[in-house]
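Dock chain B against the given chain A, drawing on the hints supplied.
Each chain is listed here by its residues.
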Amino acid sequence: MAIENQFDYVKVKNLDEVFGVFQHYKNPVILAGGTDLVEFLKTGVVQPDVVIDIKGLDFLKDIRLGNNILWIGAGVTFSELIESEIINEHFPIIAEMSKTVASVGIRNRATMVGNICSAVPCTDSGPILSVYKATVITVGMLGERKIPIEQWFVASRKTALAKHEIVKGISIQLPDKKHAGCFTKLKRYKGEDLAQVNLAILAFDDYSFRISFGAVAPTPVRAMRIERLLNRMKLVPELVEKAQQLVEDDITPITDIRATKEYRMHMAKVMLERGLNAALDRLNGGGPAYGQSVI
Amino acid sequence: MKKEISFLLNGERRTIDVSSSEILLEVLRDRLGLNSPKCGCDRGDCGTCSVMINGKTVRSCLILAIEVEDQEVVTLEGIMHNGLTPLQESFLKHNSFQCGFCAPGIILSTTELLAKNPHPNKIEIQEAIAGNLCRCTGYSPIIDAVIDLVK
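Residue numbers (our numbering), protein chains in the order written: chain A, 187 to 481; chain B, 2 to 152.
Chain A extracted, bound-state conformation:
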């Protein structure tokens, strides 16, 4: 399929150039991996007058950890996250999630920042960033903004990014309490697929949890009521059952080509139980290896 809409293309060498281009065009769009954008261009969902390619900005390729704060630049691909020692050692559920994104050929190109900028409801990065309470760093002509992840996702395909702003990267504070996690993604088949339901869990050694569902509402859903219920309690089957009942209050799945809302609701509960157990087992040094699906 050819792209009908015509646009200019600029490969920028620095951020100032981005802002220069912003001033000359009405409807600019940023291109990083392009695995979503080119599809949007083909279908006409996005009709820019200029495409600004930021792949030449080497400083956006950083994955670094300093003062217990992780930085993931806007140019970092899912393949780079999977291969990163920093990620595997300190943030293994980011690697666990990245391995479930599409296929190698997409992950070699697609970026985590692009994933949250597309902000489709089934975003895999969303629930992970939600449990880590990540911050999205944007920059515009007036300077930088730090946007907490719970304010980032506004609606399906809508983010808090302002016009003439771009995302520089994502920062995540490494939790200081001992913790482990679990990312689980329900798909129609093994191999590449979009999520029917996904779920990120962080378990801390004081028996508190952070839990976030994806693909079951327009934006990722932090399950605060379940978190409060489980807080500092021993995870006995009766408690898990209560938590599963609360899932119905927290998520609003829809029926689409990938699953019915009833199936999504049912499986979200199953995933919650398995995910909580896996995260706790991992916290105690056992459990399935990171990357091994629990569903």
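Please keep in mind that the hints were generated in silico from the structure rather than gathered at the bench.
Please note that the accuracy of each hint is not assured.
Okay, derived cross-link-like pairs now, DSS-like style, lysine-lysine, Cα gap no bigger than 25 angstroms in a straight line [claimed, not checked]:
1) K123(B) with K373(A)
2) K285(A) with K117(B)
3) K3(B) with K285(A)
4) K285(A) with K455(A)
5) K241(A) with K57(B)
6) K4(B) with K376(A)
7) K123(B) with K285(A)
8) K241(A) with K349(A)
9) K228(A) with K57(B)
10) K247(A) with K57(B)
11) K4(B) with K199(A)
12) K3(B) with K197(A)
13) K4(B) with K197(A)
14) K247(A) with K197(A)
15) K199(A) with K3(B)
16) K4(B) with K241(A)
17) K349(A) with K197(A)
Chain B in isolation, oriented as in the chain A frame:
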């Protein structure tokens, strides 16, 4: 917008005028005569348009041609300068492909895997070719051929 871009294609420097809205797959097939990357789903799901950019497999249906300026692009043709590779010989021996439509993508994906990991296990092989859809042989002879090669 038209622009003259220059890039390495299968080891040769090529220069071509492209419009900013042209897709890499279309330029490779229709204008540069390379027929190994194919158009299947045209949305990045099927893997048959796979090519390598700077050593990594990518979906050429989701890349603007103008993006590859100064990059190194390799198609299946580019890894066969000296005839079939040992990997391809193994696919041949195991009758891995029937219609062959998925073959270029699967060969490139596996080539990328073996460059990084010369002795992958079955799960790693499956993961590397996930996203390259084959509707003929059901994957088993494809995976067998790779296992046979690396054992």
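Now for the hints, and whether the structure bears them out:
1. Of the supplied pair hints, the one linking K123(B) and K373(A) holds, its CA atoms being roughly 21 angstroms apart against a limit of 25 angstroms.
2. Proposed proximity of K285(A) and K117(B) is supported: the alpha carbons are some 16 angstroms apart, at most 25 angstroms.
3. A hinted pair counts as satisfied when its Cα atoms are at most 25 angstroms apart, and K3(B) with K285(A) does not qualify at roughly 37 angstroms.
4. About 23 angstroms separates the Cα atoms of K285(A) and K455(A), which keeps this hinted pair within 25 angstroms; it holds.
5. Straight-line distance between C-alpha atoms of K241(A) and K57(B) comes to about 15 angstroms, which keeps the hinted pair within the 25 angstroms bound.
6. Only pairs whose Cα atoms come within 25 angstroms are accepted, and K4(B) paired with K376(A) is rejected, the gap being roughly 41 angstroms.
7. Note on K123(B) and K285(A): the hinted pairing holds, with a Cα-Cα distance of about 16 angstroms set against a maximum of 25 angstroms.
8. At roughly 20 angstroms between alpha-carbon atoms, K241(A) and K349(A) fall within 25 angstroms of each other, so this suggested pair holds.
9. Between the alpha carbons of K228(A) and K57(B) the distance comes to roughly 24 angstroms, so the proposed pair stays at or under 25 angstroms and holds.
10. For the given pair, K247(A) sits about 16 angstroms from K57(B) by alpha-carbon distance, which is consistent with the 25 angstroms threshold.
11. Of the supplied pair hints, the one linking K4(B) and K199(A) holds, its CA atoms being roughly 18 angstroms apart against a limit of 25 angstroms.
12. A hinted pair counts as satisfied when its Cα atoms are at most 25 angstroms apart, and K3(B) with K197(A) qualifies at roughly 14 angstroms.
13. With a C-alpha separation of about 12 angstroms, the suggested pair K4(B) and K197(A) falls inside the 25 angstroms cut-off, and the hint holds.
14. For the hint pairing K247(A) with K197(A), the CA-to-CA distance comes to about 16 angstroms; that is within 25 angstroms, so the pair holds.
15. The suggested pairing of K199(A) with K3(B) holds, with an alpha-carbon distance near 20 angstroms, which does not exceed 25 angstroms.
16. Using a Cα cut-off of 25 angstroms, the hinted pair K4(B) and K241(A) holds, with the two alpha carbons roughly 18 angstroms apart.
17. Between K349(A) and K197(A) the CA atoms are separated by roughly 19 angstroms; this keeps the pair inside 25 angstroms, and the hint holds.
Hint compliance for this structure: hints 3, 6 are not met, and every other hint is.
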